[in-house]
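Please construct the entire structure, taking both the sequences and the accompanying hints into account.
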Amino acid sequence: MKNFVTTAVAGLAMTATASAQDTLEMTSAFGRNLPILGTAAVDFVEKINGISTEVEFEHFDPNELVPTLEALDAVSNGSIDAAYATTGYWQGKINAASLFAAVPFGPEAGEFMGWILYDDGARYWQQMYDDNGYNVKTLPCGIIAPETSGWFKEEINTVEDLQGLNMRFFGLGAKVMENLGVSTSLLGASDIFPALERGAIDATEFSMPLIDARLGFHKIASYNYFPGWHQPSTLFELLINQDVWDDLGEVAQNQIEVACLANITTNFAEGEATNFAAMVDNVENNGVIIKQWPDEIMTAFKESWADVVADLAEDDPFFQEVWADLQEFREGHSVWSTSIYLPRQ
6 MKNFVTTAVA GLAMTATASA QDTLEMTSAF GRNLPILGTA AVDFVEKING ISTEVEFEHF
66 DPNELVPTLE ALDAVSNGSI DAAYATTGYW QGKINAASLF AAVPFGPEAG EFMGWILYDD
126 GARYWQQMYD DNGYNVKTLP CGIIAPETSG WFKEEINTVE DLQGLNMRFF GLGAKVMENL
186 GVSTSLLGAS DIFPALERGA IDATEFSMPL IDARLGFHKI ASYNYFPGWH QPSTLFELLI
246 NQDVWDDLGE VAQNQIEVAC LANITTNFAE GEATNFAAMV DNVENNGVII KQWPDEIMTA
306 FKESWADVVA DLAEDDPFFQ EVWADLQEFR EGHSVWSTSI YLPRQ
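Residues 6 to 350 in our numbering are what the sequence shown lists, from first letter to last.
Don't read these hints as lab results, they were simulated from the structure.
Certain hints may be false.
[To be verified] Per label pair, the in silico range of CB-to-CB distance: (1) Asp135 / Ser339: 24 to 34 Å; (2) Glu289 / Lys98: 35 to 45 Å; (3) Ala278 / Glu69: 23 to 33 Å; (4) Ile294 / Val164: 37 to 47 Å.
C-beta: ideal position from N, C-alpha, C; glycine also.
Laid out in structure tokens, this is it:
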């Protein structure tokens, strides 16, 4: 069986039949003003429009076509052609959704992409939508390295300090926090700062230091915690209405796949290249206090995550199957990863 990469690249060698160019309207879950997150969708559109002779994409910011959390349904029912998003936004609809977005204490970017592109991840990703009745084609189309673990108005020294907090949180990590007494909500980027400002939430996690700085969290919550245990890496997807996808020629389909693969590369590299400077700037110019979680709290996060996995696997056979497959891959990958990576000097 051909893997995702081989299939995509091989298709570029095929001869295309000349046809009128299709224009697909694509909503993004992230505004173009956001570095790395928002610019990734813009970059994808530039990539595909620069190489395709049969299809082009038109980019729209969140809420210009549909609200972010309605994008999956809108693509599925044909209200819009496509969406650039992350499966973690569909966690309320599908238990396994975040396994294709960000896994607490899970794989980092290289390992995650290995499972997706060369093992079973991409197959399960599509099966998830098919089995739940969504009329969509999904393609991996971006990835970022670890995020920060959150911004807090007050210093957190014990697990008890977390109890009773109201916090914006994403995906499976939200369930971990809820087990520890935190009340969580999923807010879009533009809604987080106002919620912090008026006291509707006490803390938030969102993304990487450069992105969070753009949103101004440091103006209200100056304690920034690491490591980003809840999102060691985060995957992004391109969703296309299945009927629209099927109507595209094979060359156009392969051009889209290759543009997404290129987007994964530049998306990851941009985050790696820019976030250390943002951390320095946050401390020196924005008054941010960078903190590492105490061992006691990290242990509590890990134990809570184990409970979340057990509960989800018990009630959802598909979650259990995907989780087992990912764990099997990670066990094999550890033979490689524990052998090659040198400790920092």
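Hints and how they fare:
1. Asp135 / Ser339: 24 to 34 Å: holds, 31 Å
2. Glu289 / Lys98: 35 to 45 Å: Cβ of Glu289 to Cβ of Lys98: about 42 Å, so the range 35 to 45 Å holds.
3. Ala278 / Glu69: 23 to 33 Å: At 29 Å between Cβs, range holds.
4. Ile294 / Val164: 37 to 47 Å: Between Ile294 and Val164, where Cβ atoms are some 20 Å apart, the hint is violated.
In summary, the structure is inconsistent with hint 4 from the numbered list given earlier, while agreeing with all the others.
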